[in-house]
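Visitor: Chain residues, written in single-letter form:
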Amino acid sequence: MDAFILQILNGLDKGSAYALIALGLTLIFGTLGVVNFAHGALFMIGAFVAVTMQKVLNLSTELVDPTKKDFLGNPLMVKTPYVENWFGESAGQFIINWSVPLSILAAIPIMLAIGFIMERGLIRHFYKRPHADQILVTFGLAIVLQEIVKAFFGANPIQTPAPDALNGVVNMGAWLNMSLSYPLWRIVYFCFAAIIIFGVFAFLQFTTFGMVVRAGMADRETVGLLGINIDKRFTIMFAIAASVAGLAGVMYAPINPPNYHWGMDFLVLSFVVVVVGGMGSLPGAVLAGFLLGILESFASTTWATTTIPGINQIIIYLVAIIILLTRPRGLMGRKGVMEE
Amino acid sequence: MLKLDKKDTTLFLVVIAMTLLAPFIMNPFPTDSGLAQFNAGYPDLMQRFAIFGIFAIGFNILFGLTGYLSFGHAAFLGVGSYAAVWMFKLLSFNILPAIFLAVLVAAIFSLAIGFVCLRRSGIYFSILTLAFAQMSFAMAYSVLSNPSFNLTNGETGLQVYADDPQILKGSGPDATHLFGLEMRNTFTLDVGAWAFQFNLGFYICAMFLILAFYISLRIFRSPFGLILRAIKTNQTRLNFTGTNSRPYTLAAFVISGMYAGLAGGLMAAMDPLAGAERMQWTASGEVVLMTILGGAGTLLGPILGAGFIKYFENIFSKINDSVLQSWFSFMPDGLSDFFVSIVHPFVGKGWHLTLGLLFMLVVTFLPGGLVEGGQKIWSRLRNKDKDGGAKSTATTPAE
Amino acid sequence: MGILEIKDVNKRFGGLQALSNVNLSVKEGTIHAIIGPNGAGKSTLLNCLIGKLIPDTGTVTFEGQSVLGRKPHEINQMGISRVFQTPEIFTDLTVFENVMIPCLAKRDGAFQLNAFKPVLGETDIIEKAEQMLIDLKMIDKRHEIASSMSRGDKRRLEMAMCLAQDPKLLLLDEPTAGMARADTNNTIELLKEIQEKRGLTMAIIEHDMHVVFSLAERITVLAQGTPIVEDAPENIKGNKKVQEAYLGGAHE
Amino acid sequence: MSKLIFNRRGLIKSTAAVGAGLAMPTIFSRNAWAYTNEPKGDTVTLGFNVPQTGPYADEGADELLAQKLAVEHLNGEGDGGCLNTFTSKALKGNGILGKKVAYVTGDTQTKSDAARASAKSMIEKDGAVMINGGSSSGVAVAVQGLCQEAGVIFMAGLTHANDTTGKDRKANGFRHFFNAYMSAAALAPVLEKEMGSDRRAYHLTADYNWGWTQQESIAASTEAMGWETVNNVLTPLASTDFSSYITPVLNSGADVLVLNHYGGNMVNSLSNAIQFDLLNKQVNGKDFKIVVPLYSELMAAGAGDNIKGVLGSMNYNWQLDNEGSKQFVKSFGEKYGKPPSNSAQTCYAQVLLYADACERAGTFNPCGVVEALEGFDFDGLGNGKTSYRKEDHQCFKDVLVVRGAENPTTAYDTLEIVEITPTEQVTYAPDHPLFGGPEATLGTCNSGA
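Protein chains in written order, with this note's numbering: chain A, 1380 to 1719; chain B, 94 to 492; chain C, 665 to 916; chain D, 15 to 463.
Hints are not guaranteed to be accurate.
[As the list claims (entries may be wrong)] Straight line, CA to CA, 25 Å or less: simulated SDA-like cross-link-like pairs of lysine to any residue:
1) C:Lys832 with C:Thr750
2) A:Lys1448 with D:Lys344
3) B:Lys96 with C:Ala779
4) C:Lys904 with C:Ser684
Source of the hints: derived by calculation from the structure; they are not laboratory data. Note that the structure is predicted; figures quoted are calculated from it, not measured.
Working from the sequences, and respecting the hints, build out all of it.
Guide: Structure follows, in structure tokens:
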């Protein structure tokens, strides 16, 4: 029973990441009709905002300490981060320790700006082009983005720990008399994802802006006829989608150390999630994200892998095939979207 | 004789000439010059040009004509390779049975997968093919290489071992061959400062490429090809015109799957090792990119796209700093360092970056791919002589 | 006995009775119009005819054979061609290629793997397609890409594609919807001409009275899913029931 | 006139441009070649085939740095490096056999196909006489097979699977790196000392060839000393999040977790295990422990603080205290500002060994080189006393057991050496069942002639 609940938690946690990426991908597709292969790269850039923040906060003054030696036997350069010099050692260390949550503040404007530049500078020229062209150009962009990150940070994963206060495990089942120790940061991640998802839905549901965008998703031409400048709103929507992916990346960095290849790792998976959910359906994307996350978790249990060897290798794709064959447009897809 | 009209005959002859003369065309720079780095006229790369050309031509029959974007074609190439290597292991190193089985197995595989996937269209079709291919990859990489049932030899790749049965080998050669003529036979011709390599394996691939191109040309010009193009344009109308589009798309899918199998079989014939990663989604994505980059739906585009990407992969990735320094060594020190540092990020380990940038540039400025770029240049050249040359390209969309 | 027989067709969508007891017979060689105000069930009826919907009860037969549950290409192969509200043509192909495809479908059936014969060698198909374009006065446009043509020409092309199949019945779904008056008149002329030349059976679903009265020989008026009158055009004009039905709905 | 000869091999590199000076191009036929890519000019070309893109790009970059350094030292530039400490004194710092050493580089992309393509291009186009480097066993086996066919020497770089010198061993291939069996043999005594002989181990294993062989080796040697293997779960290579594999460990009754993962898989699985606080748990009255049989510096850097206290094994570590190691660390460190990684040392040593073998054999002919390397004993390249076994071309030397340091002072001493396991303890018979048994054979050396 404990194991069962733990796997559900694992699934929700994986699902949160899938759902957040798929949400942004669906927003972009639904509003702009653009297939964005660079979306995984945005997630990766988000994570590297956290890495950069950590590096910036660790910028240091160097002092020679003659009592210690480095690996060549020369006197060691001892580094003291500037923040420790400025704010005192304990406050400085506290700030460095909290670099990941802090980088959320940085990530929002950065990702909005990246999204804005991407849409204005590149994506908008591809609205009327075939999906194949969109795929090629965004795939090219994804490669360029990841190679730039690689040039600066290398190919090796970079550890980006969560604040000490949010590390460690909590026993969620204490009051149920069960032992459900679960990493605190993963719980934080799940809550964070839930907040973002609800935020996006609320934004689309309850604001005029959101209503126009939803109308635009349903029928772009009509909204255009009403004299509403839908293009401008779509630019903003793209920027928002980019920052959703970016924030998902920032918060994911402490779970697995980010590397430059993350974008491609998540790209295929997130497309599967979006399509299983149904192209253009936001609730579908979220639902499929969590569903696939949970199924993936259960497929990796010993019980599953001994019943069907290798099931953990193929579960996502197997589920995708079954769902698409039984439900032609995914779980919650609408007719006529992306079928030409 | 070839049942081609005049224009197509010219095109076909040009392709034949380009293919057969590739050892010269790919080797424009003297061997000892600094620019020899850019020569591509060595057997392995020329074979790859031809093989991936075949792969992309086949993919184009599906994607370029019907518009069905498969993200799983590498799986057919992979099973083709495995089938071929198994023939080497069981029979002998003769490539003919291997290539035959590769095409056959790929056909069966693509018939099964196509039958299921073609129940959906658009991106749903793409994701279904992707899912099948990724499953095949995962199975080949690990599950099907377990010691008790080793079909693929997993990570290492399937290869021929000394203790394999090879029942027809007899005293035949220990390398892939065609009735005794080994694929690795290379004849080098020195002309002045140039060294041109003529490799038997390449010419085998070239013959298949020419054949593949010819078949694709015929398909493009056939009633079948016309209906495939109609499927891309308007499937509703086609169905209300009394045509059942499903068997047409399935036929196109299987044909392109067989092309992929042929490419896979040839890869194994040139180098008898089949690695699982040639089935991965990135490999499927690569052929999509080749086709779009060259010009989807055009006859020459896929070959150009394949050559372009393989060239970058094999030539640009080998340019390292010491090569750069030798290029710029004629400059004063500071200046040469400056140029080296400018070029450095784009070559060697940065070849991906260059490729990504080129994808973006080509698709932004040449929506029809490299072929359109070529047409633009051609028509501009002709317009210098006389006006109105551009019009003719517009009326021949399948060129 | 008509070429197309609709008997006792009923169709419900949830609580809505879209069609109730529809009986209709299209006589061979006539132009039969089905009219009615919005929501009268015209589209539902059409969808039943082309196999897109299956009625809850009743039969639809063409030349004595049921069309229900058949796929579009099967229905077409029975001899029914269809003209759409917005012209459905192969926009990326040339006009000539557009007309060749129905000729091929007519000759080769639903599927034929004709992958190695050059199109240009199919002389019978080429001649037929050329003849069709000459008939419809489009031969000078044969090399144009279909998407670049005017709306009227697209309609004319679609008509050519349908006629190229020598259909026994031509279904027209609001063929003049959204057209300017001049284009509408051209279309009417075109249809009249075809009818005179070929004696083709046509069923037109339309709400533009001008079109209906200039073309149809028989008119069936649908209201709330039921045919209320079937008669010759001159009798329909003065019919009280029809006026009520139209006044009750949106007046055209 | 040209003559068409279907000889066994004709992959040839041009020499001098004889006809270039003439007004009319002269066409002439090639001389017969004694072996593939016989260097005819005043340079000899080595091929460095390392991952430059993909997840192991940094490791490849490190290998490349080491190889460049080796070339410098061979050509008599720089401080001479391990030429000063190498027990064989055949190398003079004037290149190899008097020819200046040049090199070409290629990108394996950590894919066997791409690796073979780039190795082929070095052999066919650039005339490389040996291929060195790489960062995965799949690539190593694939390229080794290619080099055997083409008739050039292959030195394997980072490859840890038993198969490379086991069932897939080839006469033209040599491996300086250690293997899974050696890891297990070196680790087992240390594990027993640190954790006792009554432990229950839970294995997470990367679901491909290398993972399986490593798991097999570790399970065999730990079970031999009394441990019980509770479970072995195969994880897909593409996994990024290992939480669903970690949680069942908690309830399995196991008190040791063995991570048979490498690279990104290892970084993630270890990080996830630490997140679930495994190391602070008590099971069966014992402290829970984690073992990572194969360590590398880059993985340690990627895993950050999570490696503290985690045991594993390595082929080489820069902190190793012998003359060769000190000299190498000094040369490498002064040039590049960081200590070398164990894969860098491997590639460096292999280049020097190859060059030395050529000098001793007096030829670049692969068969001569093979003969010179087989059964060669030496010291002074960083690993201490080392020997290349004749039967399977595996290198035998001390294996290091290391542990993540609790209080590292710099970014480079995050791993500390716990034990230097002597060669004898990790030696096995060449026909050991884990290495293909008695059927495994090197075949005969191929010079391509």
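Visitor: All hints, please: hold or fail.
Guide: Verification of the supplied hints:
A threshold of 25 Å between alpha carbons decides the hint, and for Lys832 of chain C with Thr750 of chain C the separation of about 22 Å falls inside it, so the pair holds. Among the hinted pairs, Lys1448 of chain A with Lys344 of chain D is consistent with the structure: their alpha-carbon atoms are about 14 Å apart, no more than 25 Å. For the proposed pair Lys96 of chain B and Ala779 of chain C, the alpha carbon gap of about 13 Å is at most 25 Å, so the pair holds. The suggested pairing of Lys904 of chain C with Ser684 of chain C holds, with an alpha-carbon distance near 21 Å, which does not exceed 25 Å.
When each numbered hint is compared with the structure, no violation occurs for any of them.
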